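Novice: Based on these hints, arrange chain B on the given structure of chain A.
Chains as they are written, first to last, in the numbering used here: chain A, 3 to 101; chain B, 3 to 155.
I should point out that these hints are in silico values taken from the structure, not numbers from a laboratory.
Note that the structure is predicted; figures quoted are calculated from it, not measured.
Among the hints, a few may not be true.
As the list claims (entries may be wrong) - Simulated restraints on C-beta separations: (1) B/Q91 to A/R77: 19 to 29 Å; (2) B/A12 to A/E62: 26 to 36 Å; (3) A/S74 to B/G11: 48 to 58 Å; (4) B/G103 to A/V98: 51 to 61 Å; (5) B/A110 to A/D94: 33 to 43 Å; (6) A/P43 to B/V61: 23 to 33 Å; (7) A/P100 to B/G11: 17 to 27 Å; (8) B/P140 to A/P64: 40 to 50 Å; (9) A/S42 to B/Q91: 16 to 26 Å.
To be verified - Listed next, the stretches of chain A that the computed footprint assigns to chain B, with coverage defined by at least 3 CB atoms under 8 Å from CB atoms of chain B: (10) 52-58; (11) 62-73; (12) 90-98.
Even glycine gets a Cβ: it sits at the ideal position worked out from N, Cα and C.
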Amino acid sequence: MWSALRIAATRFVSRPLGSAGLALALLLAGGVPAEAMRVSPVILDLSATGRGTTGSIRVENPATAPIAVQLSLTRRPADGAAGGPAAEPADDAFLVFPP
Amino acid sequence: MFRLQWLGGALERTEAFHAAVEQLPINPNERVNGIRFLVTFLVNVYVSPERSAPALRVVSVEPAATAAGGPGARLTLENLGTRYAYLSQSGAVLRVRRPSGETERSFALDDDEIRRGYGDVLVLPGARKQVVLALPVPVAGKTLSVEIAGPPS
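In isolation and in its complexed conformation, chain B is listed as follows:
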C-alpha cells in the first residue's frame, strides 16, 4: 500500500498526474540469465479544488471517417470548468439529421455501443480535444449535432 499526500497547496483547477507503479526485475533468491519483465501500472491521479466542476462544451461536430474507414463523427471538445471532464459522463447526445432536418438517429455518448469506438475522452480544464467517434450508421451528407443536457459532467 502506498499513501500519497498532496503538498502543492490550493489550486484554481484540476491538475493531472500519473502514478507509475513499477514491478522491478529484482529477485535476490533467483539466479537466472534470460528475459526479465518490467511491469508498470499507471494510476491516474487528479488533484482538484474542493468546489470544482467540469463544464464540457462541444465546439464543433462534423461527419468524418474513422481510422478504419468507417462512418464517424469528429468532435472538438473544450472544458471551460475547473474540474476534469469525461465525455461519457457528460450526458451528451449526438443526433444525425437528414438534409430535411428530420432526426434520423440519436446516440447517447455513454452508450456501450458508441463507447466501444472511443473508450472515453478525458478533457482537462482549459484544454481542447478532438476525437473521432465510430458510428453504426452512414453519416455522409447528413448534419450532426451534439447536445449536452442537464448539469455538465
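Bound conformation, chain A alone:
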C-alpha cells in the first residue's frame, strides 16, 4: 500500500499540477504513515549509575522493502516545553550501537 500510494503521489507530481492534483497527491500521502516504521518504547528510563545505564529502542519495518534509519540524541530544555530554547545535541552523552 505504501508503495502504491507513493507511486500515485509521484505520478501526480511528475505532471503539471493544478491545486486539485496537488491536494489529491497530499491526500494520498496522508495514508503513508500507517505503513511507516514502528518504534518502541516511547519512554526509556535509564539509571545514571549501576546496572540500569543501558537500554534498547526497537525499530520495526512492516514493509517488505528495506529502510534506512538513523538515531540522534538531543538534550531537552529544563522546562520540557515545546517552542522553548533550541535542543542541544547530546550524542556524546551516550554510546549508541550500532553507531
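Specialist: Same frame as chain A, now just chain B:
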C-alpha cells in the same frame, strides 16, 4: 534495534533527552522523482540517579478559560524532587468549592475525562510549569484547590 548506554556518569537529578529515530528517504532500488517522506519518531529518554523520587507541588490553582473558551483551571506546578514527575501519576485531586466552602465536585487528575483535556504534564526536577485543564463544570466565581495525597508521584 538500537542500544544506548549512558556515559555521563552520576547525576544529582533526572536529565531528559529525545532520541530521534529518523527514517531516511533513501532507497537505492528505486528511481522516482516526486514526494519523499521523512518520518521521525521521538523517544523520551530519562536518565535518573539510582535513588531518586519526584516531589510535585501545586504552587497555585485558579479558575481560567481554556483555549477553546470553556471552563478550566490554571495550575502552576513545581517539582522539588530529584526525578521527573507526571501530573497523572501524582494522585492529585482537584476540588471545586462553592462560595460557602462546600465542595461541589472533585476530580482525580488521572481520570480519563480530565486527562483528555491535557494529555499529561511532565515536570522535570527543579522546573515549574503552568497548564490549563479543561473542566466539565463551570468554575467562575468558585474556589479551586488541588491536593496531592500520599507519596508524591
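Novice: Take the hints in turn and mark each one as holding or not.
Specialist: Going down the list of hints, with the structure as the test:
no. : hint                        : in the structure
1   : B/Q91 to A/R77: 19 to 29 Å  : holds (23 Å)
2   : B/A12 to A/E62: 26 to 36 Å  : holds (34 Å)
3   : A/S74 to B/G11: 48 to 58 Å  : violated (21 Å)
4   : B/G103 to A/V98: 51 to 61 Å : holds (57 Å)
5   : B/A110 to A/D94: 33 to 43 Å : holds (42 Å)
6   : A/P43 to B/V61: 23 to 33 Å  : holds (31 Å)
7   : A/P100 to B/G11: 17 to 27 Å : holds (24 Å)
8   : B/P140 to A/P64: 40 to 50 Å : holds (47 Å)
9   : A/S42 to B/Q91: 16 to 26 Å  : holds (20 Å)
10  : 52-58                       : holds (count 6)
11  : 62-73                       : holds (count 7)
12  : 90-98                       : holds (count 6)
The structure does not agree with numbered hint 3 stated previously, though it agrees with all others.
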